[in-house]
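Go by the hints and put chain B onto chain A.
Respectively, the protein sequence lines represent chains A and B. Counting from 1, one number per residue, gives the positions in the first sequence under the UniProt record's numbering. Counting from 1, one number per residue, gives the positions in the second sequence under the UniProt record's numbering.
One thing to keep in mind: the hints can contain errors.
[To be verified] Calculated cross-link-like contacts (lysine-lysine; reagent style DSS-like; alpha-carbon spacing at most 27 Å): (1) K188(A) x K139(B); (2) K188(A) x K139(A); (3) K139(B) x K139(A); (4) K139(B) x K188(B); (5) K139(A) x K188(B).
Bear in mind the hints are in silico, worked out from the structure with no lab data behind them.
Protein chains: 2
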Amino acid sequence: MSEAASAPAVRATAGDSEFDRDTALVRRAPGVYDIDLSAGWTIINAVNGGYLLAVLGRALADALPHPDPFTISAHYLTASRPGPAVVRTDVVRTGRTLSTGQASLFQYDEDGREVERIRVLASYGDLDALPDDVRTTAKPPAIPPLEQCLGPEDGPAPVPGSSAIADRLMLRLDPATAGWAVGRPSGKGEMRAWFGLADGRDADPLSLLLAVDALPPTAFELGLTGWVPTVELTVHVRCRPAPGPLRVSITTRNLAGGFLEEDAEVWDAADRLVAQSRQLARVRLG
Amino acid sequence: MSEAASAPAVRATAGDSEFDRDTALVRRAPGVYDIDLSAGWTIINAVNGGYLLAVLGRALADALPHPDPFTISAHYLTASRPGPAVVRTDVVRTGRTLSTGQASLFQYDEDGREVERIRVLASYGDLDALPDDVRTTAKPPAIPPLEQCLGPEDGPAPVPGSSAIADRLMLRLDPATAGWAVGRPSGKGEMRAWFGLADGRDADPLSLLLAVDALPPTAFELGLTGWVPTVELTVHVRCRPAPGPLRVSITTRNLAGGFLEEDAEVWDAADRLVAQSRQLARVRLG
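The following block holds chain A by itself, in its conformation from the complex (with noise of 0.2 Å):
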């Protein structure tokens, strides 16, 4: 794996990183806890939805027996903006092997209300915990090596408009679903890239909940100018991920009455796939 080509000289470690310092809560009392949203993840004006997700399930991996996101699925409500807000998470089952749990993140409005912004219900287990056997049949996606594919300093950014996630992100773009870029979109409904963390701290599964949705929406390809607000994102972690880089597909195949459905997959440097997603999404069609 390419992974020294984009690791800093230091790297962040899980617990002392960007991400971690930008998904810790507060716990205000039992199974609610206060977090700052932090400016550091925003795509243009709008809080990243996996950055969101990811801090949803980290206040239901305390919450709930089990350590690790199975299955979460998160319709989105309002736009959340950097700033506080509180997560309120409900036990609704506890087995032995999996538990199901609900959380919400609320914003508050000029007179203090609280505002709903995402709700997420969740599966959690031990991914440790899991057997060995894989029968997978899905291959890694086509991508070129790291250094082949396009970051910031190749410019065009791989995010347009003013994106501070970008500086989060270690994301390389595959030359071939960079067209949208340069104004030359494939026409494809695809998206491929090479993930990390900007700091070098490696993957785990909760930072696995912002890998899939931090790529350039597929719509871009797809010849579409327009934000492509998500209205509901599920995610299967399948995996426990391995150290290094990850590589993130994008795939959209019916874009259709004004909405998209976006299926991502994750793949680990051991070339496991370690999560699975899909979203509908809303488009503007121009």
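Quick look at chain B alone, frame taken from chain A:
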């Protein structure tokens, strides 16, 4: 389309069919509904998860200002049984084009206490209000004509074990994905079938919630014989289905660690991709 081959002499209509009667709810209070879960939709002894999702979907269609489930995510907690149940709904957010709701289905233990079976989070809209724009690259599944596919009268039964649901469905399996029934599974995680309701009632968004979970599990074609309980199932309804039989194609790519995903596509008689779903299910590896 070969619909005539499978249509009964007298066709039931939406609102007056087995499916409608067995998903009908009695409103006990605002947002609270009673239902007697029918034994007619059981597979072996389990109540079909798609039937249960349709019951919850119908409750939310009543509770929310928008009629159609655009995206609905269900986490299955405990096994439902035929008999009395109560559905409690909660309106999460009401918007102009989308509204979001939550619903739970409960049954009763021997002491009469409520036991939660399923919890659902869903965003509803109005399919008829969507623009006609279709840029899909998805293609209908390669499946032989209906009369060349296998129904119960062709034995082996399309679903193993005693299965009341088989009498409620028009389900004809692609011979290429029916090898498991004669001890010759293909080894591929694929299952394809023509799908309808046995009484001829045409499909609608609610019956699509049943269609995505009504085929035999892909695990059978992977050579697994145990049952495959659903942990989480998310359905996107993308288009109101045209009259006539549906084609359902289910694919599994990643069987690992005792879990697998099932991706379903549902196509209508007008060659429109009307629903997409993904579920995470447990497998007994053997």
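Checked hints:
no.	hint	in the structure
1	K188(A) x K139(B)	holds (14 Å)
2	K188(A) x K139(A)	holds (19 Å)
3	K139(B) x K139(A)	holds (21 Å)
4	K139(B) x K188(B)	holds (19 Å)
5	K139(A) x K188(B)	holds (14 Å)
Violation of the numbered hints given earlier is absent; every hint is satisfied by the structure.
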